[in-house]
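Peer 1: What follows is the residue order along each chain.
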Amino acid sequence: MERKITLRVDGKERTLTVDTRTTLLDALRERLGVTSAKKGCDHGQCGACTVMVDGLRVNSCLTLAVAREGAEVVTADGLAEGDELHPVQRSFISHDAFQCGYCTPGQIISAVAMMREAEEGWPSVVSEDLDADEFPLSREEIAERMSGNLCRCAAYVNIVEAIEEVARS
Amino acid sequence: MNDQPSRRTVIKAGVGALGAAVLPVGADPARASTAVTAVEAAGRPVRGGIGAALKRVEGPLKVRGAATYAYEWPVENPAYLYPLLSTIATGRITGVGTEAALAEPGVLGVLTHLNAPKLASAEPEVVILQSDRVLHHGQIVGAVIAESIETARYAAGLVTFEYAAEPVDVDLRADRDDLRKPQHAQGFGQLPGDLMNGSPADTAVGDFEAGMASAVHQLDETYTTPIQQHNPMEPHAAVATWTDDEITLYCGSQGVTTPQGLLATAFGVEPARLRLVSPYVGGAFGSKDFSALWGTLALMGARLVPGRPVKLMFTRQQMFTLVGHRPASVQRVRLGADARGRLVAIAHDTVQETAKAKQYAEQTVQGSRTMYAAPHRRTTTRIALLDLPVPTIMRGPGESTGMFALESAMDELALKMGMDPIEFRLRNEPETHPESGQPFSSRHLVRCFEEGARRFGWKHRDKKPRARRKDGWLIGTGVAAATYPSPRLPGSTASASVDKDGRYTVRIAASDIGTGSWTTLAQIAAEALGVPLDRVTLHIGDTRYPRASSGGFSSGINSWGTTIYAAARELRAALDKNGGTIPAEGLEVTTAMPDDPNLAKYEFNSFGAQFAEVRVHEDTGEVRVPRLLGVFDIGRVINPLTARSQLLGGMTWGLSMALFEETVVDHRYGNFVNNDLAGYHVAANADVGSIEVHMLDERDPYINPMGSKGAGEVGIIGTAAAIANAVHNATGVRVRDLPITLDKLFR
Amino acid sequence: MKPFVYERATDVSSAVAAVAGRPDASFLAGGSNLVDLMKMEVVKPELLVDIRHLISHTIEELPGGGLRIGAGVSNNELAADRRVRRRYPMVSQAVLAGASFQLRNLATVGGNFLQRTRCPYFRDVSMPCNKREPGTACSALEGHQRDMAILGASESCVAMHPSDMGVAMAALDAVIRTVGPDGERTIPVNELYRSPADGPERDTVLKHGELITAVDLPDVPVAATSRYRKVRDRASYAFALVSVAAALRVRGGAVREVRIALGGVAHKPWRARTAERHLIGRPATEANFRAAAEAELAAAEPLKGNAFKVPLARNTIVSMLRTLAEEA
Ligand SMILES: Cc1cc2nc3c(=O)[nH]c(=O)nc-3n(C[C@H](O)[C@H](O)[C@H](O)COP(=O)(O)OP(=O)(O)OC[C@H]3O[C@@H](n4cnc5c(N)ncnc54)[C@H](O)[C@@H]3O)c2cc1C
Ligand code: FES
Ligand code: FES
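Chains as they are written, first to last, in this note's numbering: chain C, 60 to 228; chain E, 20 to 766; chain S, -4 to 323.
Derived by calculation from the structure, the hints in this document are not laboratory data.
None of the values given here were measured: they were computed from a predicted structure.
Among the clues, some could well be false.
[Unchecked claim] List time: in silico DSS-like cross-link candidates among lysine-lysine, alpha-carbon distance up to 25 Å:
| id | chain 1 | residue 1 | chain 2 | residue 2 |
| --- | --- | --- | --- | --- |
| 1 | S | K299 | E | K763 |
| 2 | E | K482 | E | K435 |
| 3 | E | K478 | E | K435 |
| 4 | S | K202 | S | K(-3) |
| 5 | S | K(-3) | S | K39 |
| 6 | C | K63 | S | K202 |
| 7 | S | K39 | C | K63 |
| 8 | C | K63 | S | K(-3) |
Okay, chain C solo, but in the shape it has when bound:
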């Protein structure tokens, strides 16, 4: 069953026809050629497909494209402005916060979203005082908030350092 939908992807309006069964992840990768979001498990169990939809990070593999008509989608590629990389992207490079790079776009989207969430006063399960106004990004907070993104190359230590540096500045 086909449906025509419109999405804004990394700042560009894209109209496409999808099967109702098409996930946002497959719509991006197979229909629009936007391969920045990766498929790691297709079941919400790894975070490689993380993108921002209307400002919130979500697993695009469990999101049906038809259900997101009109949405604003941002992938890691869309964080860069031309050749100018996002500070989180630069920090990932200088801290060597990836190896194979497959989980990386998802990690970076998560990192950017996570800093906003903390700023907005969203707690995490490791937040000591749930009633606090803000949640400073300690290493423990970063690690918990980034745990929805698995990295089998296990660059976690560097990922936390990379984010910490951006969060501090």
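Start from chain C and add chains E and S with the ligands according to the hints.
Peer 2: For chains E and S with the ligands alone, coordinates are given in the frame of chain C:
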């Protein structure tokens, strides 16, 4: 597979002298760049050969998601293939129903053993759909090719199979009466022999039984490790196009030369006609080396729809049975020491699982052959042939499980003797390799321990178990040794060329699976050429470049690096001969990996000392690892940034192996029950605390011109034992069966 | 995935009518469980009625001090709400202990209650499973048992309900509000789930086409000092082996008020009423905590592969009550 090409160097005038058609620089679709220079990455000229902490040259591509992994190559009008897996473990397919699937709009074809092309190969890791025989649960029994991913997958569910199932045997026990001495099927570029590294299944020095009987202190314990899964984040994927001239296969692979040969043989085509492209690989860890099922399947699909690209990506669940796994083991370790804590006897007897389809037998006991001096010693390896998929190499194959057993046993015996576990190890440091008697090319294990103990604060440790607690958590520390060989795999050739403008180009069909080859191989080339790094462009990951061994066994630097070094030096020599000036038409040399008489004279191993601090919750038994520290002797460090990442990754793997990883086998059906990332846990970010990595950076005098040993595996070795030893120190509970889950700990 | 028609409902009654009218229809909220299961064809709806935009996304004050949480509120919004954090910290903690940040942005409150079991045999269509295909068998009974239920299970199904949020809701006597083909009704969370003995194929008492519109949290002052503790294999991004939601008020050394619910142990969030009864009026001592936990777990019928959950649940309850008593 990697038959060594005859040693030769070809020097030709003119860049691309191998033929422009063979080496088209930048001929690939621009979006999918296979060549990046450091200057592009850093935005400025970069100096720095060996030893410089350079950022990954492909970093800017990876952080935007623009590096092209196999499934992402832009192709026109692709068809999609979805594999069908057996739902029994053993038996025969007695009926296939494809009508419903073929009737589904958008379905282009259904492959089963009834219509699949016949393959001229018998390798179970390559061959599929050749008969009605089912040898393990989750074996490929068919595939659907369709216009879209959604249709292919749905139609796959419409294909029906009838089976005549046979009894399933998937029980690994050390007391089975049908255990055998292994005859490892050759593979991985290693030497032929009983075990995967070419060594005999059984070794003995002195008289173990007599030695053990004479020992004052004795230990006899059995350790087990479960089936583990590689689970790289990028699922195994391939995009195949079959035309009358060229057959192209974009596929994530640890090397392109080996699968090119395997697949060309299987499909009966000239290897030169089959092009494999794999510049970026989303992790592999052994699972994208020998096994090439996804390549076979994609090619079969491509033959069904000639001229049309066929895309295949295994699902995460399918990966569990299709790309190999680390075999389970049952290991008995016996140690005997004299009154002064000197080992007199060591025995390591392992029983491990393999498939009925093919013998894979890894050198689990290799660490026990290498680590400690003792006059009387023996190792044995036996295998059980089960109805399971063929196991394969997985990060630190052999030692990662074997050293869990040996280094746990060393801790147990040290405790029994009341001796500090580091002191116990230092007392048993051998002069030469304990079995072969050959010298080590370099062995700085003692320094690793001394340096590690100082940095970790080992002397403040309370060696009494269950002595430290804080806020309901028991605290403990542990230590273990690490070692992994640094082999040089045969079969690599590299070319190095220079154009009239003084730009250097190095080509080799090597791979970067996250190890940093894009950067480190360029650094080696720059050093050997004596030019700044930004003058060097590297090309890897394509069978159009000179053949190379596969990445694995921490062999990349030693194999490809040495070959590149040789090619670069020869180019430099040719230039010098030319009076130091570059001919107008440029210059190119092609060199096979040089022979080295030293290889036969020394034992080449990386070493390390692993320290762990753990917390175990008194009420629930939950284990946390707030601190790991490793000091490593990996020879001269090519790039401290990427080398550190390799070691960090390895140590985190060790943590993951210690606490989480276990494939659950259902003994009734022979299937892997927890076959996804929610069921099979790998370490997440929150599981990892502080990890410190220190590298001695001591040049190895004999291994290769760079003086560098392997770094990819040694980080995982010993980590699980250090954690198990720390858990014992925290709780007084000795866990000998991995993983160390909370149910084994709380009271 | 089986082909399906996608519809975005415009109002509640037509959404209910659309689903109620077709046995193969299903509501779609965040999709984080439904799409997951559809990919594996564990469920095969042919009509999806998207209700995410329809159901309330707000959290409102109830007269009398409670909160009404719209079924469309995302898991993260629920956990981050200042009133929830202050008045019902166990709810925030339970939600935050579940899944991952990105999944919780997808997941809705309504969908969280109705997520299906994670039993691997349920999720693998090639395996017998009474919950998926009534009358086949329960593969877990003799199979991999680590994650299975120890309380309230039956021969026909030993699956466990994985929700964390639901455990806190059960401890608080939250009440679900629905609109169904027969009109509106309310259902206490503690009466939402059916016993597997009555047929494991239906998880809840909801009728086909009955839509959850909100969940009411009653005013429970003791909840302000409540907590949620989740014990699992991995430190994050893992389902519970055992979890405990508890609130405790101690005066003069004796337990005046206590609420305890367990997760990871049954086909539903397990309200530990036996333990609660055991504690009321008794001194808040370690020994009494332990005796209460043991009284609750006396009914446990573990399998060989999950017997550890009984002492684990006991220890976690005791540890939780000890912490709450110390904090009080
Ligand atoms: C990898 C992974 C890990 C997870 N870990 C955890 C965890 O640790 N703890 C935990 O609690 N959960 C966990 N979850 C589950 C997650 O919380 C649920 O998937 C989520 O809450 C479901 O909400 P949804 O809105 O996405 O529901 P959907 O997937 O949209 O729907 C689920 C079901 O509920 C029905 N439904 C939804 N809304 C309504 C409504 N308003 N009225 C009637 N019917 C409705 C749907 O028809 C469907 O049958 C995990 C999920 C994944 C994928
Ligand atoms: S691909 Fe979406 S979470 Fe793994
Ligand atoms: S960098 Fe390889 S998985 Fe994260």
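Peer 1: Now, for every hint given, state plainly whether the structure supports it.
Peer 2: Each hint tested on the structure:
1. S:K299 with E:K763: Between K299 (chain S) and K763 (chain E) the Cα gap is close to 14 Å, so the pair holds against 25 Å.
2. E:K482 with E:K435: With a Cα-Cα distance of about 12 Å, the restraint between K482 (chain E) and K435 (chain E) holds, given a limit of 25 Å.
3. E:K478 with E:K435: Between K478 (chain E) and K435 (chain E) the Cα gap is close to 19 Å, so the pair holds against 25 Å.
4. S:K202 with S:K(-3): Distance of about 23 Å is within 25 Å: holds.
5. S:K(-3) with S:K39: Measuring from Cα to Cα gives roughly 6 Å; hence the hint holds.
6. C:K63 with S:K202: violated, 33 Å
7. S:K39 with C:K63: holds, 23 Å
8. C:K63 with S:K(-3): holds, 19 Å
In this structure, only the earlier hint numbered 6 is contradicted, and the remaining ones agree with it.
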